[in-house]
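Enquirer: These are the residues of each chain, in order.
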Amino acid sequence: MQFTAKDIAFMLNGTVEGDPLAAVSQLAKIEEAQNGSLSFLANPKYEQYLYTTNASIVIINNDQQLTGPVTASLIRVENAYSAFTLLLEQYNTLKLRKAGIEQPSFIHPSAQIGQDVYVGAFAYISQDVKMGNNCKVYPNCYIADNVTLGNNVTLFPGVTVYFDCVIGNNVIIHSGAIIGSDGFGFAPKTDGTFSKIPQIGNVIIEDDVEIGSNTTIDRATMGSTVIHKGTKLDNLVQIAHNVEIGENTVIAAQTGVAGSTKLENNVMLGGQVGIVGHISIAKGTQVQAQSGVSRPIKQEGQKWAGSPALPYGNNMRSNVVVSRLPELEKRVLELEKIITELRNR
Amino acid sequence: MQFTAKDIAFMLNGTVEGDPLAAVSQLAKIEEAQNGSLSFLANPKYEQYLYTTNASIVIINNDQQLTGPVTASLIRVENAYSAFTLLLEQYNTLKLRKAGIEQPSFIHPSAQIGQDVYVGAFAYISQDVKMGNNCKVYPNCYIADNVTLGNNVTLFPGVTVYFDCVIGNNVIIHSGAIIGSDGFGFAPKTDGTFSKIPQIGNVIIEDDVEIGSNTTIDRATMGSTVIHKGTKLDNLVQIAHNVEIGENTVIAAQTGVAGSTKLENNVMLGGQVGIVGHISIAKGTQVQAQSGVSRPIKQEGQKWAGSPALPYGNNMRSNVVVSRLPELEKRVLELEKIITELRNR
Amino acid sequence: MQFTAKDIAFMLNGTVEGDPLAAVSQLAKIEEAQNGSLSFLANPKYEQYLYTTNASIVIINNDQQLTGPVTASLIRVENAYSAFTLLLEQYNTLKLRKAGIEQPSFIHPSAQIGQDVYVGAFAYISQDVKMGNNCKVYPNCYIADNVTLGNNVTLFPGVTVYFDCVIGNNVIIHSGAIIGSDGFGFAPKTDGTFSKIPQIGNVIIEDDVEIGSNTTIDRATMGSTVIHKGTKLDNLVQIAHNVEIGENTVIAAQTGVAGSTKLENNVMLGGQVGIVGHISIAKGTQVQAQSGVSRPIKQEGQKWAGSPALPYGNNMRSNVVVSRLPELEKRVLELEKIITELRNR
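So the protein lines, in turn, are chains W, R and C.
If you count by the UniProt record's numbering, then the first sequence holds residues 1 to 345, one letter each, in order.
If you count by the UniProt record's numbering, then the second sequence holds residues 1 to 345, one letter each, in order.
If you count by the UniProt record's numbering, then the third sequence holds residues 1 to 345, one letter each, in order.
Hints are computed from structural coordinates only; laboratory data are not their basis.
Among the hints, erroneous ones may be present.
As the list makes no split between identical chains, a pair holds if one copy fits it or if it spans any two.
[Unchecked claim] Calculated cross-link-like contacts (lysine-lysine; reagent style DSBU-like; alpha-carbon spacing at most 30 angstroms):
no., residue 1, residue 2
1, K45, K298
2, K262, K283
3, K262, K229
4, K6, K337
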């Protein structure tokens with residue numbers, strides 16, 4: 001699809017300077033833009049790019065002064081950053097516009113499907129599923145018996161949701177994520193073998209949650225594993241059974257939270273963090289990448305780092321000393337020699 | 001589905017106290033149970049919940065004394081815990097009851113399929129596959145050429161098994177797990193590029209193994225990567241080519257075992273552990289979460305922790321000192337000052 | 001399939017010693033070979049296995065001397081190792097020979113499909129996809145709108161490629177890998193919630209790249225996440241948005257590279273490594289397993305280890321001291337006592 005400067009100015013309620021028929025088919029950063037791209041300039045720090053960019057169209061603020069010749073067509077608007085973000089969103093919506101029920105797909109007759117949904121080919125919707133309006137279920141997704149999806153839910157290709165799980169409104173789940181597989185629960189027997197503890201709970205994902213690719217969230221043994229409202233999980237994250245993740249929490253890639261642990265609201269976990277089971281993490285806690293938290297965190301809003309995790313500053317100071325430990329050991333050895341010498345005086 | 005106290009008492013060979021028509025449709029812990037739930041009390045420590053629970057039915061031991069009024073209907077049995085576990089298993093079996101060959105699925109004419117199997121829509125069963133009785137292959141699974149599945153194998157949706165792999169009896173593999181993808185083997189060439197070393201071995205998974213969601217187990221270069229009997233792998237675990245994992249071993253989420261390493265029986269690895277390649281880990285070894293094992297472990301039944309891993313107690317003691325390293329460094333500096341002073345006396 | 005010694009000698013331009021009708025159906029290491037297996041002996045160190053092996057056929061060098069009786073049929077060739085590798089490759093090619101368009105699959109009428117491709121059942125090829133010659137798209141793969149695949153691309157079962165991504169020639173992607181899912185980008189709002197930053201860039205994978213099972217590579221916010229030519233990624237690797245990975249780089253399993261980071265050519269990352277975002281890693285850098293790199297690496301060809309990463313030797317020396325920290329602390333305490341004593345003299 002191509003759009004002209006005139007079209008875009010109309011959409012954004014802006015005014016064109018230069019060729020109104022300049023056409024673009026993609027969006028790019030001003031410093032990377034090629035011919036045929038639309039870009040924007042909002043931060044005066046980057047003004048120089050305005051005179052060197054290969055973009056065909058650049059959106060600028062109404063009050064932007066020009067101090068040299070510009071080859072791109074310009075569109076002046078009240079707020080260039082907001083205008084560009086609006087275009088990004090529209091572009092994305094356009095790219096992801098899918099509709100209708102493709103064939104062959106499998107929809108159990110007992111499933112209740114809302115209005116204006118997309119169900120891709122090879123998607124499987126089981127018995128007693130309830131799906132709200134405007135949902136998109138891409139190809140190769142599997143939605144098991146008795147799962148509930150709210151409105152505006154997007155399941156990208158290859159998502160699996162096990163039975164009885166509940167997914168709220170406006171939830172986005174990326175490809176390969178697994179919701180509701182069995183928690184890792186086995187009881188050791190006297191002969192060294194293990195017997196499986198049935199995992200009959202479910203997973204509840206509240207509104208406005210986004211879940212990354214190949215992330216796994218296990219169902220509760222009994223009760224629910226819960227991801228509260230507004231929380232964002234990155235790729236390859238592991239959430240174990242009976243975990244509860246608070247609202248507006250952000251968890252970066254490859255992090256794992258062990259069974260029955262509870263994160264309060266507004267927590268931020270870096271990548272590759274591990275949190276042990278059966279503890280509680282206070283509101284607003286921030287944990288640095290690769291840290292390991294093995295004890296409850298009770299004080300709110302603190303930063304932690306290291307494995308085992310220490311308060312952020314302490315960890316930084318310890319790390320510095322670790323890097324010069326061999327030297328420190330030598331200093332101690334030196335002291336011991338001198339002391340021996342002094343004692344023998 | 002709903003069951004009455006009378007029905008359940010009949011199943012468990014128990015006796016009802018209270019309303020025999022009290023009905024339940026789910027199972028829950030006594031402290032979390034809602035109206036319509038069935039729960040149990042086995043541990044006298046939790047007796048107080050018996051008088052406050054919202055459960056509609058509670059299973060209790062024959063010898064349980066009551067010290068207050070109870071609103072739930074009670075079912076008395078010999079062993080409340082065992083009886084409840086039995087119900088959990090029956091509930092789970094009921095939830096996972098699937099049968100028949102759904103359409104469209106792909107079953108190669110040369111495949112040998114046992115009795116009483118479930119093959120979901122969009123499942124793919126290739127040439128020369130042999131599948132035992134009572135297997136369940138959920139939708140979107142792929143079973144490649146010449147794979148063998150024993151009896152009572154469950155592949156949840158979206159499992160992939162590459163060619164020639166062998167899976168024993170009673171194996172459960174959760175969604176998104178990949179069995180038998182190529183080992184990571186590349187020979188460096190003089191120009192800096194790599195040539196792929198063909199990976200023509202397979203993966204053998206013995207009886208009673210359970211494998212978590214999105215776990216990956218690579219095929220051997222030649223020979224077999226083996227997961228021995230009774231072993232349980234959690235989600236997002238990585239098992240590299242030519243690894244051998246002993247019997248009744250438990251590996252928590254996000255742990256990785258590098259190529260050609262051998263774990264003896266009854267090993268326990270915490271989450272996010274890494275084990276280097278080409279080493280052997282003695283029977284009964286336990287490794288704490290986030291540890292890194294870079295050397296063979298020869299002594300049986302020991303606990304290890306840290307990266308690089310140390311004997312558990314040593315690691316704990318070192319960690320304590322790490323947390324006060326800045327202070328230790330200051331003490332050494334102080335000593336150096338005093339010593340200089342003493343020497344100059 | 002079975003092959004005789006005579007057949008194989010003909011393929012390899014070798015000569016048979018022993019039974020020309022000895023037949024084999026698999027390839028194995030000489031020390032592990034069973035009856036019916038073909039093996040090879042190239043390294044004189046392993047000569048003793050020649051006299052004890054159960055292999056039915058062994059390939060040896062023309063100049064190999066025999067110092068005892070051999071039960072296997074022998075095939076003499078110029079270079080036994082090269083000859084065996086050739087057979088490995090042919091075996092692998094044979095095992096992976098797939099052709100034609102299976103039904104039901106979904107191919108959008110606008111898709112351009114090259115010659116001699118394989119499209120498995122339940123594979124989905126969207127609008128405006130361009131696919132080169134000799135590609136194999138296994139069952140349950142999803143290729144989104146406007147994706148380009150070069151020639152000789154193999155997508156094993158269950159690979160998902162999001163819209164607009166570009167994949168070069170001779171690329172191999174293993175099962176469950178997700179290419180082009182949204183980068184993890186959210187802007188915090190004043191009320192503590194997050195707004196999603198649209199991720200409208202793509203992923204570019206250049207020629208000769210191999211990507212492991214369940215690995216995730218996120219699309220750029222704008223522009224491209226790029227995996228350059230000849231690079232090999234293991235299983236469960238996370239590559240964040242706007243990352244650029246250089247040529248002939250090797251990344252082991254469960255490693256993560258955070259957003260906008262750039263790896264130069266010929267980098268090697270061990271397993272479970274973490275690299276923070278927005279840094280650059282110099283050419284030829286090697287990072288040990290489980291390390292965490294939080295600062296740019298500017299000097300080429302250096303080895304790093306630890307979390308946070310130090311130069312390899314420094315890390316090794318620090319680790320040694322860490323393991324005896326409790327003892328070091330005692331020595332300092334001892335010194336303090338003596339000093340006090342000396343001062344009071």
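Enquirer: Give me the numbers of the hints this structure contradicts, sorted from smallest to largest.
Expert: 4
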